[in-house]
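Top to bottom, those sequences are chains A and B.
Here the first sequence is numbered in the numbering used here, starting from 1 and rising by one per residue.
Here the second sequence is numbered in the numbering used here, starting from 1 and rising by one per residue.
Hints may contain errors.
When the alpha-carbon atoms are kept at most 30 Å apart in a straight line, the in silico DSBU-like pairs for lysine-lysine are as follows [unchecked claim]:
(1) B/LYS197 <-> A/LYS56
(2) A/LYS238 <-> A/LYS204
(3) B/LYS197 <-> A/LYS35
If you want a taste of the chain A side facing chain B, the calculated C-beta under 10 Å gives, among others [unchecked claim]:
(4) ASN4
(5) GLY28
(6) PRO54
(7) PRO60
(8) GLY68
(9) ILE70
(10) ASN72
(11) SER73
(12) ASN78
(13) PHE271
(14) VAL272
(15) PRO274
Source of the hints: derived by calculation from the structure; they are not laboratory data.
Predicted model, so just to flag it, every value in this text is computed and none were measured.
Even for Gly, the Cβ is constructed at its ideal location relative to N, Cα and C.
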Amino acid sequence: MKKNINLEVNIAGLSLKNPVIAASGTFGFGREYSKFFDLNLLGGISVKGLTLKPRKGNPPPRIAETPGGILNSVGLQNPGVHAFIENEIPFLRQYNTAIIANASGNTVEEYVEMTEILSDADIDAIELNLSCPNVKEGCMTFGSSSRGVLEVVNKVKKVARKPLIVKLTPNVTDIVEIAKAAEDAGADAVSLINTLLGMAIDVKTRRPILANITGGLSGPCVKPIALRMVYQVSQSVKIPVIGMGGISNGIDAVEFFLAGASAVMVGTAGFVNPMAWVETVEGIKEYMTENGIEDVKELTGGLIAD
Amino acid sequence: MRSFATVKKTRQLNHDTFLLCLKSEKIASCAEAGQFVNLKCCDGLDAYLRRPISIHSVNRECNTFDIVFQVRGKGTSLLSRIRPGDEIDVIGPLGRGFTLDHSHRHIVVAGGGIGIFPLFQLLKDHTAAKKTAVLGFRSKDFVVLEDEFKKHSTELLIATDDGSYGIKGFVTDVLEKIIQKEKPDMVYFCGPEVMMKTGVKLLQKYNIPCEVSLEQRMGCGIGACLVCVCKTRKDNDWDYSRICADGPVFKGEDIIFD
Numbered sequence: 001m002k003k004n005i006n007l008e009v010n011i012a013g014l015s016l017k018n019p020v021i022a023a024s025g026t027f028g029f030g031r032e033y034s035k036f037f038d039l040n041l042l043g044g045i046s047v048k049g050l051t052l053k054p055r056k057g058n059p060p061p062r063i064a065e066t067p068g069g070i071l072n073s074v075g076l077q078n079p080g081v082h083a084f085i086e087n088e089i090p091f092l093r094q095y096n097t098a099i100i101a102n103a104s105g106n107t108v109e110e111y112v113e114m115t116e117i118l119s120d121a122d123i124d125a126i127e128l129n130l131s132c133p134n135v136k137e138g139c140m141t142f143g144s145s146s147r148g149v150l151e152v153v154n155k156v157k158k159v160a161r162k163p164l165i166v167k168l169t170p171n172v173t174d175i176v177e178i179a180k181a182a183e184d185a186g187a188d189a190v191s192l193i194n195t196l197l198g199m200a201i202d203v204k205t206r207r208p209i210l211a212n213i214t215g216g217l218s219g220p221c222v223k224p225i226a227l228r229m230v231y232q233v234s235q236s237v238k239i240p241v242i243g244m245g246g247i248s249n250g251i252d253a254v255e256f257f258l259a260g261a262s263a264v265m266v267g268t269a270g271f272v273n274p275m276a277w278v279e280t281v282e283g284i285k286e287y288m289t290e291n292g293i294e295d296v297k298e299l300t301g302g303l304i305a306d
Numbered sequence: 001m002r003s004f005a006t007v008k009k010t011r012q013l014n015h016d017t018f019l020l021c022l023k024s025e026k027i028a029s030c031a032e033a034g035q036f037v038n039l040k041c042c043d044g045l046d047a048y049l050r051r052p053i054s055i056h057s058v059n060r061e062c063n064t065f066d067i068v069f070q071v072r073g074k075g076t077s078l079l080s081r082i083r084p085g086d087e088i089d090v091i092g093p094l095g096r097g098f099t100l101d102h103s104h105r106h107i108v109v110a111g112g113g114i115g116i117f118p119l120f121q122l123l124k125d126h127t128a129a130k131k132t133a134v135l136g137f138r139s140k141d142f143v144v145l146e147d148e149f150k151k152h153s154t155e156l157l158i159a160t161d162d163g164s165y166g167i168k169g170f171v172t173d174v175l176e177k178i179i180q181k182e183k184p185d186m187v188y189f190c191g192p193e194v195m196m197k198t199g200v201k202l203l204q205k206y207n208i209p210c211e212v213s214l215e216q217r218m219g220c221g222i223g224a225c226l227v228c229v230c231k232t233r234k235d236n237d238w239d240y241s242r243i244c245a246d247g248p249v250f251k252g253e254d255i256i257f258d
């Protein structure tokens with residue numbers, strides 16, 4: 001007998017039809033991948049990282065392939081929050097999928113202003129990017145200390161009128177401490193991990209492959225680290241955790257649920273397999289059917305560790 | 001846009017350059033000169049990303065297309081070992097190809113090294129009465145597909161850096177001599193950045209329009225990830241354009257070469 005499967009999750013007031021979200025920075029504003037699959041199939045889309053003013057980003061090369069992954073150093077190239085609201089929200093709203101606006105700032109004031117602007121926009125949640133490793137100011141500078149996270153999230157929370165997700169960097173000594181700071185400051189949820197700071201060198205030229213010298217590592221090679229961090233954070237905070245880092249299919253996603261994630265984000269895998277997002281949703285369903293699980297929420301934190 | 005293409009034929013062109021003939025109705029039916037495909041070199045995590053490779057030739061009757069690549073690393077090395085009958089996971093055709101203006105009577109294609117390949121289909125498709133091909137190679141050992149290019153051009157000039165074959169010198173030197181003799185309507189470039197930079201500057205001097213096909217390390221290949229960018233003019237400023245989606249072919253005058 002085939003049981004009904006419930007994939008719906010609710011993350012701090014953000015209702016998702018399924019727990020698979022396109023990760024920020026890998027999906028643009030959805031236009032490109034809408035030619036490959038129906039965006040209605042996604043739980044949500046975390047859009048390309050936005051800043052107050054348009055940003056050109058870093059010089060190329062911006063990508064290097066590494067074993068089982070990639071390094072990128074895009075540096076938040078984006079049209080700015082106003083152009084996003086004007087040009088991209090109307091496109092995304094044609095689809096029945098949650099719009100998560102990923103926001104970055106150089107200063108605390110900019111984070112606050114971005115949050116005010118986005119709270120008035122037709123979006124479903126804000127993902128505060130305190131973790132981009134490829135820009136000199138803001139972002140990871142705030143996200144790599146509890147004090148920085150407390151300061152930004154406290155002030156942002158005062159003006160936020162949308163569910164507030166704080167995206168964490170793994171480039172810290174103790175991510176649990178950072179996650180707790182986000183929770184204490186009023187974050188409604190945390191998402192982790194952003195990319196790991198890395199580097200690649202071309203021995204023929206003796207030069208770094210990335211023009212920015214360093215970049216953020218993502219892809220299957222980071223999955224064990226991401227899983228460990230999601231597990232540790234989930235054990236220590238009460239707010240929902242959105243897990244990401246190297247997820248390529250439904251089984252990877254289930255691992256993150258078991259470690260404590262309520263939803264997952266998929267990104268880099270889509271560069272290789274443009275159907276990765278949809279196949280992740282299907283894979284979760286398959287696992288649930290095979291294992292007689294009716295509600296995906298049952299999987300969250302279901303790890304047996306005795 | 002994603003499909004599996006069957007390898008019909010493989011051909012080694014020189015010590016490190018290979019041609020693959022792939023069957024895919026989906027791609028062959030709509031591919032244009034200057035576009036590319038993004039393909040997986042193997043299953044699994046080895047050579048994780050897809051490899052963008054430009055389309056060299058399209059055979060619309062047989063539903064096949066050819067790609068040519070040089071072995072540079074792990075991915076292309078795996079690709080060079082592929083055999084007829086094998087299937088390749090391909091996304092394409094991708095990007096903006098060359099602009100063909102059939103009112104043009106004399107066109108020149110100027111290619112260097114592995115940059116010559118996307119120019120081949122352009123020569124095949126263009127209806128200009130006079131089609132000059134200027135191809136540059138490091139030395140005699142690197143010269144490939146000479147007969148094929150000869151067949152689809154009205155004049156073929158080969159230049160080598162060391163003079164071991166054809167004319168000794170650079171493609172742009174040969175190009176200037178052609179221009180001084182007779183001004184072409186349009187020039188198409190694909191090759192090393194320094195060649196295209198010199199070429200665009202040269203053509204601006206003679207007020208001849210041109211297009212260039214650029215290359216950069218790519219991620220998604222469809223315009224979402226913003227990694228393969230190049231500097232382009234925008235009003236009085238500049239911006240980064242996506243080589244995979246806004247290009248790989250651009251108007252020469254739009255590109256800011258560093």
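Going through the hints against the structure:
no., hint, in the structure
1, B/LYS197 <-> A/LYS56, "22 Å, holds"
2, A/LYS238 <-> A/LYS204, "50 Å, violated"
3, B/LYS197 <-> A/LYS35, "34 Å, violated"
4, ASN4, "31 Å, violated"
5, GLY28, "4 Å, holds"
6, PRO54, "9 Å, holds"
7, PRO60, "5 Å, holds"
8, GLY68, "4 Å, holds"
9, ILE70, "6 Å, holds"
10, ASN72, "6 Å, holds"
11, SER73, "8 Å, holds"
12, ASN78, "9 Å, holds"
13, PHE271, "4 Å, holds"
14, VAL272, "6 Å, holds"
15, PRO274, "6 Å, holds"
The structure does not agree with the numbered hints 2, 3 and 4 stated previously, though it agrees with the rest.
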